[in-house]
Amino acid sequence: MKKVKRRANAALLIAALIIAGLCAYILEFIDHGKDWAMFPANQSVYSGGVLNTGTLTDRNGMLLAAAGNGVYYYSDDPATRIACLHVAGDYRGNIGTGAVTAFASKLAGYSAINGTCGDGVTLALTIDARLNIAAYEALAGRKGAVLVIDYLTGEILCMVSSPSYDPNTSPDLTSSAYEGVFLNRAISSAFTPGSVFKLVTLAAAVDNIRDLTERSFYCSGSIALSDGIVTCSGVHGSQTIELAFANSCNCAFAELAVELGPDCLEQYCRELGLTASLDLDGISTAAGNFEKAADSETALAWAGIGQHNDLISPYSMLRLVAAVANGGIVKEPTLLMENKHGAESRILRADTARTLAEMMSYNVVYSYGEWRFPGLKLCAKTGTAEVGNGSSHAWFAGFLDSEEFPLAFVVLVENGGGGLAAAGPVANSVLQAAVS
Amino acid sequence: MEAILQSIMYFSRYLLPFLAAWLLFRCGRSMLRERYEPEVWAYLRLPDGTAVPVRHWECIIGRSRLSDIVVAYPTVSRSHAALIRSGKGLWTVYDLGSKGGTRVNGESVEAAELEDGDRLTLAGVHLDFMDLNEEERLSLSRQRREPGRLIRPGISFFILTIFQLLLALQHGISSEPEYTRSILLAFFALSIAMWCYYLIMRSIRRTGFEVETIAFLLSTLGLSVAATSVPGDMVKQIILLLMGIGLFIALGWWLRELGRAKALRWPVGFAALALLALNLLASEEVFGAKNWIYIEGFSLQPSEFVKIAYIYAGTASLDRLFMGRNLFLFIAFSAVCVGALAIMGDFGSALIFFATFLVISFMRSGNIATIFLAVTGAGLAGFLALTVKPHIAQRFATWGHVWEYANDAGYQQTRALSAAASGGLFGQGAGRGWLSGIVAADTDMVFALLCEEMGLIVALCAVSGVILLAAFAVKSSAHGRSSFYVIASCAAVSMMMVQMALNVFGSLDILPFTGVTFPFVSRGGSSLISCWALLAFIKAGDTRQNASFVVKPPSKYRSNAGYMEEEYDQCEYEDEEYGMGPSWEEEPE
Numbered sequence: 001m002k003k004v005k006r007r008a009n010a011a012l013l014i015a016a017l018i019i020a021g022l023c024a025y026i027l028e029f030i031d032h033g034k035d036w037a038m039f040p041a042n043q044s045v046y047s048g049g050v051l052n053t054g055t056l057t058d059r060n061g062m063l064l065a066a067a068g069n070g071v072y073y074y075s076d077d078p079a080t081r082i083a084c085l086h087v088a089g090d091y092r093g094n095i096g097t098g099a100v101t102a103f104a105s106k107l108a109g110y111s112a113i114n115g116t117c118g119d120g121v122t123l124a125l126t127i128d129a130r131l132n133i134a135a136y137e138a139l140a141g142r143k144g145a146v147l148v149i150d151y152l153t154g155e156i157l158c159m160v161s162s163p164s165y166d167p168n169t170s171p172d173l174t175s176s177a178y179e180g181v182f183l184n185r186a187i188s189s190a191f192t193p194g195s196v197f198k199l200v201t202l203a204a205a206v207d208n209i210r211d212l213t214e215r216s217f218y219c220s221g222s223i224a225l226s227d228g229i230v231t232c233s234g235v236h237g238s239q240t241i242e243l244a245f246a247n248s249c250n251c252a253f254a255e256l257a258v259e260l261g262p263d264c265l266e267q268y269c270r271e272l273g274l275t276a277s278l279d280l281d282g283i284s285t286a287a288g289n290f291e292k293a294a295d296s297e298t299a300l301a302w303a304g305i306g307q308h309n310d311l312i313s314p315y316s317m318l319r320l321v322a323a324v325a326n327g328g329i330v331k332e333p334t335l336l337m338e339n340k341h342g343a344e345s346r347i348l349r350a351d352t353a354r355t356l357a358e359m360m361s362y363n364v365v366y367s368y369g370e371w372r373f374p375g376l377k378l379c380a381k382t383g384t385a386e387v388g389n390g391s392s393h394a395w396f397a398g399f400l401d402s403e404e405f406p407l408a409f410v411v412l413v414e415n416g417g418g419g420l421a422a423a424g425p426v427a428n429s430v431l432q433a434a435v436s
Numbered sequence: 001m002e003a004i005l006q007s008i009m010y011f012s013r014y015l016l017p018f019l020a021a022w023l024l025f026r027c028g029r030s031m032l033r034e035r036y037e038p039e040v041w042a043y044l045r046l047p048d049g050t051a052v053p054v055r056h057w058e059c060i061i062g063r064s065r066l067s068d069i070v071v072a073y074p075t076v077s078r079s080h081a082a083l084i085r086s087g088k089g090l091w092t093v094y095d096l097g098s099k100g101g102t103r104v105n106g107e108s109v110e111a112a113e114l115e116d117g118d119r120l121t122l123a124g125v126h127l128d129f130m131d132l133n134e135e136e137r138l139s140l141s142r143q144r145r146e147p148g149r150l151i152r153p154g155i156s157f158f159i160l161t162i163f164q165l166l167l168a169l170q171h172g173i174s175s176e177p178e179y180t181r182s183i184l185l186a187f188f189a190l191s192i193a194m195w196c197y198y199l200i201m202r203s204i205r206r207t208g209f210e211v212e213t214i215a216f217l218l219s220t221l222g223l224s225v226a227a228t229s230v231p232g233d234m235v236k237q238i239i240l241l242l243m244g245i246g247l248f249i250a251l252g253w254w255l256r257e258l259g260r261a262k263a264l265r266w267p268v269g270f271a272a273l274a275l276l277a278l279n280l281l282a283s284e285e286v287f288g289a290k291n292w293i294y295i296e297g298f299s300l301q302p303s304e305f306v307k308i309a310y311i312y313a314g315t316a317s318l319d320r321l322f323m324g325r326n327l328f329l330f331i332a333f334s335a336v337c338v339g340a341l342a343i344m345g346d347f348g349s350a351l352i353f354f355a356t357f358l359v360i361s362f363m364r365s366g367n368i369a370t371i372f373l374a375v376t377g378a379g380l381a382g383f384l385a386l387t388v389k390p391h392i393a394q395r396f397a398t399w400g401h402v403w404e405y406a407n408d409a410g411y412q413q414t415r416a417l418s419a420a421a422s423g424g425l426f427g428q429g430a431g432r433g434w435l436s437g438i439v440a441a442d443t444d445m446v447f448a449l450l451c452e453e454m455g456l457i458v459a460l461c462a463v464s465g466v467i468l469l470a471a472f473a474v475k476s477s478a479h480g481r482s483s484f485y486v487i488a489s490c491a492a493v494s495m496m497m498v499q500m501a502l503n504v505f506g507s508l509d510i511l512p513f514t515g516v517t518f519p520f521v522s523r524g525g526s527s528l529i530s531c532w533a534l535l536a537f538i539k540a541g542d543t544r545q546n547a548s549f550v551v552k553p554p555s556k557y558r559s560n561a562g563y564m565e566e567e568y569d570q571c572e573y574e575d576e577e578y579g580m581g582p583s584w585e586e587e588p589e
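Listed in order, the protein sequences are those of chains A and B. Just so we're aligned: 60 in the numbering used here is position 60 of the first sequence, and the numbers increase by one with no gaps anywhere. Just so we're aligned: 546 in the numbering used here is position 546 of the second sequence, and the numbers increase by one with no gaps anywhere.
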């Protein structure tokens, strides 16, 4: 019998295998349970493939979208519906990065402990619908994007992409006016940056060129390089770096770019988070592009002033100006009120950030005109990115040097013309709404 | 009213896992932690004067440490002789081909009966055999501890009743009004059946209920699954459950006597073959497997009953292991069973039988080489099956990649995982899931259904219940009377575990999807009945004092009823616990 007893232990081997299998399952469950639960066939969460649970509001509790019992609806106010469409998303899943889709598991109230809870939960976005409306109206039908962030907390207060539409009426979206309408241009597209890219070249120059502030840059309207010339928007004569930045002088920045070299600029693009795809609360943002033009000085020079094949998303530019505003540290942006005081990372040295901030302030005072932005202590940089066929994207990026309103912003108007003329007023409208 | 119902739903959601875990903890503690004293049937006095107790009906005497009675003299062979007690209480000694030979009262023997006072001589070493008479045996057995002192079974049943009540309430709240009554009645009937069983067993002084408690818990979960998926069939479910319990008691009663239990092995083996043959001839194909027979509106799965027969025919007492034929007949029998199932296309069951075959043949032979050979052979056969049956090959192709085939080959597993995840730890509430709407959710994907409605904790409790049964069967095997019972109980738990593993891990994409049932929990009459029958084998291995109705107490109480009552008064027993029951205590020999 003793022998038989010993052999009986074989049964325990089966038991051990089962326990090992269960452990494997539990680990998988912890790891992937959320993805499994958010599978569109899950009828506790979806109804006919449409999210059927949860309520989405803006930061002030204004309803943006809600679903349950097989019906879904958006805000009662058409302006809110249109201005918040891209950030809130839609139940048909057209806006792939919208909160309804991207935060479906949060709306379903999923947790490994409670699973998906019946009626879902109310999820508040950091967005202020009022600012979104102001921004959308200021864009006035032009294609583009507006972003505003509280650079001390990382909360994104305004995120607008134009064109947009009313999800309740769903117009015919095939005309050219609605080209790329499902794309959230603020995070899912990258554009030629033009002169706003000079912030990057400037940051690299401040760090790497010792006598930068003592130097004089001469602009004769163009600069001749070994394999071509780079033209400037004007003839600026002899300038300090502050003046060259305020004039957005191509000659000066072409010279700096060539001096810094392709590797240095590429490294700065990477470290400032401009080229890689970033993660915004689980949403992947569009990657940018910086081509190391190692064999051509002209190409390198154009790349250093934001032309050539440079591409940057408004979102990554927002992170950069937010870091400049916050002493070089970027509070990781978030769209969720529940994520207060999230992670932060230093992407610029503190003194570099201070220098950049001072020069951006000087830009407004010396070049753009404070009168355009009444009551705002604005620091900014314009960009007028030539995109061929004679048109250009208008950029305006910067921040308020204000403890009361620690706001950083990016405005992009596609094919809008001059940065200051086209994007400046949009920024002013949104910021005036934010500080009022 | 609505608010009250909602709060019942809310709190019971957390209470159910707690009760299930508590119940299992109690059962586990009682089964695995309580002291388990061996029975003593006789003594052998060694030359040095020590009296070694004979603790089983089948003992190996020899020099080896693995002998049941170790006689550490150099002339004695490692396994020298076998001492075997027949069902009638007669002892026989068999020489196991020893070098030094075996003598009884000086006469050289191959096999001889032993009586009290006989002198057994193994290669010149004298051993005195001292059989116990009824009185001695009774007084010894009374000193053995009974289960149920530390963990009182009545309280466990009470916890289970609360569990059933809460579950019934949840179903009552969430079910369609037309079914509410029948669902509540079914749970009520289950509770009543459980308590009747308890009272009957207590009336014949049985105190070990852990095995049944676990089975009742699992059956309760099974009833809940049925209430979710086929609320119109509750009456049928409860009748099937009662039939299962009936078969459990009947088979248990039959197994009480080793002699008659052994005698039926051959007929049972033939019955198994006949059932399989009938199945092959008369079945219809469902889901790619021809394993159902339809008779007058009833459907049954003969392979489920073959499981009982297979274990019954496959187990063997020690005399067969040492002196009988080799494993050839059993291997042939197993090959026919597994082959027939494979031809039917029921590869899940074929796999279960094969795994059980491995356990039985290992326990009978201890021969790992044979096992290895069998696994290799089966592997080749399995490979052949894959090439012949495309739907099996597809399951292997999908395995581990179900999300890539979410709407075709991985349809069931992805739904199962999704529903299981949305249940979290505590579930959505009984009757509130959606998985039950998917084909085979209440059978092949029942683990996920449990996760969705009652949460991961309850589902894990269900798995733990079966594993506890296995741990108990293995623990009890140290004290088994005959290897017939030990092998049968270990084979039964192994069969249940393999079946459960295929079911659970198949639906969770940890193993390929095989489509077998979860013991006791999956909806399905044949499966439920066969699981309860298998439970009788486990119950037969439990030799704790007065624990199992399947195990006959060492003495015949009828012979001296007056004497008995007097004895009880002197014991520490509480009287009311031991009302003398009529029932099958009294057996003609």
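Just so you know, not all the hints are guaranteed correct.
[What the hints assert, rightly or not] Calculated cross-link-like contacts (lysine to any residue; reagent style SDA-like; alpha-carbon spacing at most 20 Å):
| no. | chain 1 | residue 1 | chain 2 | residue 2 |
| --- | --- | --- | --- | --- |
| 1 | A | Lys2 | B | Ala51 |
| 2 | A | Lys340 | A | Ala287 |
| 3 | A | Lys3 | B | Val52 |
| 4 | A | Lys340 | A | Asp281 |
| 5 | A | Lys2 | B | Gly400 |
| 6 | B | Lys99 | B | Ser139 |
| 7 | A | Lys3 | B | Ser79 |
| 8 | A | Lys340 | A | Lys3 |
| 9 | B | Lys475 | A | Asp281 |
| 10 | A | Lys2 | B | Ala478 |
| 11 | A | Lys2 | B | Leu32 |
| 12 | A | Lys2 | B | Thr387 |
| 13 | A | Lys2 | B | Leu44 |
| 14 | A | Lys34 | B | Leu66 |
| 15 | A | Lys34 | B | Gly400 |
| 16 | B | Lys99 | B | Asp116 |
| 17 | A | Lys3 | B | Val125 |
| 18 | A | Lys3 | B | Gly366 |
| 19 | A | Lys377 | A | Lys340 |
| 20 | A | Lys3 | B | Pro38 |
Rather than coming from a laboratory, the hints here were simulated on the basis of the structure. Given the structure is predicted, the values throughout are model-derived calculations rather than measurements.
We went through each hint and held it up to the structure:
1. Lys2/A - Ala51/B: holds (19 Å)
2. Lys340/A - Ala287/A: At roughly 25 Å apart (the allowed maximum being 20 Å), alanine 287/A and lysine 340/A break the hint.
3. Lys3/A - Val52/B: Answer holds: lysine 3/A to valine 52/B is near 18 Å, not above 20 Å.
4. Lys340/A - Asp281/A: holds (12 Å)
5. Lys2/A - Gly400/B: violated (41 Å)
6. Lys99/B - Ser139/B: The given pair, whose Cα atoms are some 39 Å apart, is violated under the 20 Å limit.
7. Lys3/A - Ser79/B: This hinted pair holds, its Cα atoms lying about 11 Å apart.
8. Lys340/A - Lys3/A: violated (65 Å)
9. Lys475/B - Asp281/A: Violated, at about 53 Å.
10. Lys2/A - Ala478/B: holds (7 Å)
11. Lys2/A - Leu32/B: holds (19 Å)
12. Lys2/A - Thr387/B: Between lysine 2/A and threonine 387/B the Cα gap is close to 43 Å, so the pair fails against 20 Å, i.e. violated.
13. Lys2/A - Leu44/B: holds (17 Å)
14. Lys34/A - Leu66/B: Violated. Lysine 34/A to leucine 66/B sits at ~52 Å, over the 20 Å cutoff.
15. Lys34/A - Gly400/B: holds (18 Å)
16. Lys99/B - Asp116/B: Violated, at about 26 Å.
17. Lys3/A - Val125/B: violated (23 Å)
18. Lys3/A - Gly366/B: It holds: about 8 Å lies between the C-alpha atoms, which stays within 20 Å.
19. Lys377/A - Lys340/A: Answer violated: lysine 377/A to lysine 340/A is near 26 Å, above 20 Å.
20. Lys3/A - Pro38/B: Status holds; Cα separation ~16 Å.
Figure legend: structure checked against the earlier numbered hints; hints not met, in rising order: 2, 5, 6, 8, 9, 12, 14, 16, 17, 19.
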